[in-house]
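Chains as they are written, first to last, in my numbering: chain Z, 237 to 570; chain F, 237 to 570.
The hints are simulated quantities; they were obtained by calculation from the structure and are not laboratory data.
As the structure is a prediction and not an experimental result, all values here were calculated from the model.
Among the clues, some could well be false.
The list treats identical chains as one, so a pair stands whether inside a single copy or across any two.
To be verified - Subject to a maximum C-alpha distance of 25 Å in a straight line, what follows is the list of computed DSS-like cross-link-like pairs (lysine-lysine):
(1) K373 with K471
(2) K471 with K239
(3) K249 with K373
(4) K471 with K266
(5) K266 with K353
(6) K271 with K353
(7) K373 with K545
(8) K488 with K471
Single-letter residue listing:
There are 2 protein chains.
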Amino acid sequence: MEKITLAHGSGGKLMHQLIDSVFLEQFSNKILREKKDSAVFSLGQTRFAFTTDSYVVDPLFFPGGDIGSLAVYGTVNDLSVCGARPRYLACGLIVEEGLDRGIVERIARSIRNAALKAGVEVVTGDIKVVERGHCDKLFISTSGIGIVDRMTDLSLDRVRIGDSVIASGTIGDHAISILSQREGLNLGSRIVSDSAPLNGLTARIVSVSRHVRFMRDPTRGGLAATLNEIVTKRKFGIVIDERALPIRPSVKTACELVGFDPLSLANEGKIVVIVGQQDARRVLSVMRSHRYGTAARVIGKIVPGPAGKVILNTSVGSRRIVEMPSGEQVPRIC
Amino acid sequence: MEKITLAHGSGGKLMHQLIDSVFLEQFSNKILREKKDSAVFSLGQTRFAFTTDSYVVDPLFFPGGDIGSLAVYGTVNDLSVCGARPRYLACGLIVEEGLDRGIVERIARSIRNAALKAGVEVVTGDIKVVERGHCDKLFISTSGIGIVDRMTDLSLDRVRIGDSVIASGTIGDHAISILSQREGLNLGSRIVSDSAPLNGLTARIVSVSRHVRFMRDPTRGGLAATLNEIVTKRKFGIVIDERALPIRPSVKTACELVGFDPLSLANEGKIVVIVGQQDARRVLSVMRSHRYGTAARVIGKIVPGPAGKVILNTSVGSRRIVEMPSGEQVPRIC
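Pulled out of the complex, with its shape left as it was, chain Z reads as follows (with noise of 0.2 Å):
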């Protein structure tokens, strides 16, 4: 019988299949078909966003933040990246019996500072304990509401032949962050991990412009599943440059050092932009201005053909084809 592995979690091509298979086919409904990193839908006069995800970082503090913070900001970005203004979050906690309580009291507080620093309100919440050695140490599951700018249509079916790939800042700093700190691995430099929220940044893009068409956070599966997911099944490609991505010296050595793609680590505080080309220079601009988009770059843009391809030109003039991740690389990331 066929077993669940690390991968099907992994963000990468395993999960969408798994996603596709178990989810899409059961709960076929227009708006969970639309794939997006949460559900948009009308209630009343209001359009809302609303979407929910499961935290089981592992350890539960690394450098730049912990399992606490992170739950928050993941799911405040993934109300901003659909154009929504995040406002209330749900939290549910798993514990396991023998957790010291002082633990549980430090990561109440950050998410409470996290609330606080994305301007959003936890509302709600719940407390399960399980049996010792049956969860590990502590899981969250935050969920969030925010509203939908009538005016703001965010959707791939927007995205057009010609339209700018922009990136807000490096990439991969969150998954090296996680993995020096859990392995234990010297690199020199300390990597922070990039956990942020992006509400701030997202509302100033859409203010700028009408021709953002879709905005992604490529957290597990990084870039290399975000650009895929974009281009999958549709009549364009994207082609991106592999001098114009934003890689911290530390990350591309610690990728050296192990082996891994950077294009597939993932990150919790950036964003994938993609915006008409007559626009670009000025979402850049706003991005770059920003605290959370200081290193903001155009990566590549949107092309005729290969369809359904990324491409990436690399550093020494070849190309190469960007595929969906398909194993795990790094386990427990968020």
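On the provided structure of chain Z, position chain F as indicated by the hints.
The following block gives chain F in isolation, referenced to the frame of chain Z:
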């Protein structure tokens, strides 16, 4: 250092202390302080209820249900008792590496069927996979959004001395069902969980009376916890009549066998309703005509004193205080 124990997740005294000290202190906001089963707030022109719960029930499949349907109905019920019409659910899975894919598919089908039965849509979801031994097979977190009618105003502040306390049916079925399945107890007859969606029942109740003060589903901690939550820090108490309590003979027998108090046992398809005495008969009548309320009974009333206490008039003519449960009777119940 103080450790988290199973009792911190039991629905009883320690859980309330943990929630008060960790969550209410950190996240003090008006919505959270109301401590309803769902957060209720207005956005735009619409009033919403929003709730979350994590499900860790062991075993995954039990007589009368499974973790999937339990998660859907639990969230539907938390919205329903706040007077909301449940609409959209979000569903996050945490899966242990090595679990049969067939089990995930079976649970997904159960979630689908339960959602259909309850008239809600699962619109967004998430899957995480953790290493073998780092969670127990599969956990589910569900969140839900419902719409609250402008006219519906359910709150403990509206409870008045003289109000009737109604239970919608037999108590303890869910807990004993789980326990007998888990421990392989042979209890003579098979006891089936009462897990069910109560939105139809609650909608009927609020439609026939403007004097419904408060509703709650007595899950973890059972009737004892729910009734104590109603009177805690209030200037009134509750008296209930043991002879009026609907309890199946098989559940009573099981409780005597293992030394449980049926009042403290979890239910997953029952509600407690506080209603002005003038409308008690009318509410009881619509409840009994609904499939999930056929055994509804007035079990007690709101009394001036002893304030803050729940008193049981026993079948042998004595009186005892029903305490907020303090330990853990049956862990991993939901």
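Original post:
Between K373 and K471, at a C-alpha cutoff of 25 Å, which is it: within one copy, between copies, both, or neither?
Top reply: neither (46 Å within a copy, 40 Å between copies)
Subject >> Homo-oligomer pair classification [K353, K271; C-alpha up to 25 Å] >> reply: Close across copies (24 Å), not inside one copy (28 Å); limit 25 Å.
**OP:** Measure nothing new, just compare the shortest in-copy and cross-copy C-alpha distances for K266 and K353 to 25 Å and report within, between, both or neither.
**Re:** between (33 Å within a copy, 19 Å between copies)
**OP:** Could you place K373 and K545 in one of the four classes (within, between, both, neither) given a Cα distance threshold of 25 Å?
**Re:** neither (40 Å within a copy, 36 Å between copies)
Original post:
For K471 vs K266, is the C-alpha pair at or below 25 Å within one copy, between two copies, both, or neither?
Top reply: within (22 Å within a copy, 50 Å between copies)
Original post:
For the identical chains here, do K488 and K471 meet the 25 Å Cα criterion within one copy, between copies, both, or neither?
Top reply: Answer is neither; intra-copy 33 Å and inter-copy 65 Å both fail.
Original post:
25 Å Cα cut-off: does K249 pair with K373 within a copy, between copies, both or neither?
Top reply: between (29 Å within a copy, 22 Å between copies)
Subject >> 25 Å Cα threshold - placement of K239 relative to K471 >> reply: Neither: 34 Å inside a copy, 56 Å across copies.
Checked against the numbered hints listed earlier, the structure breaks hints 1, 2, 7 and 8; every other hint is satisfied.
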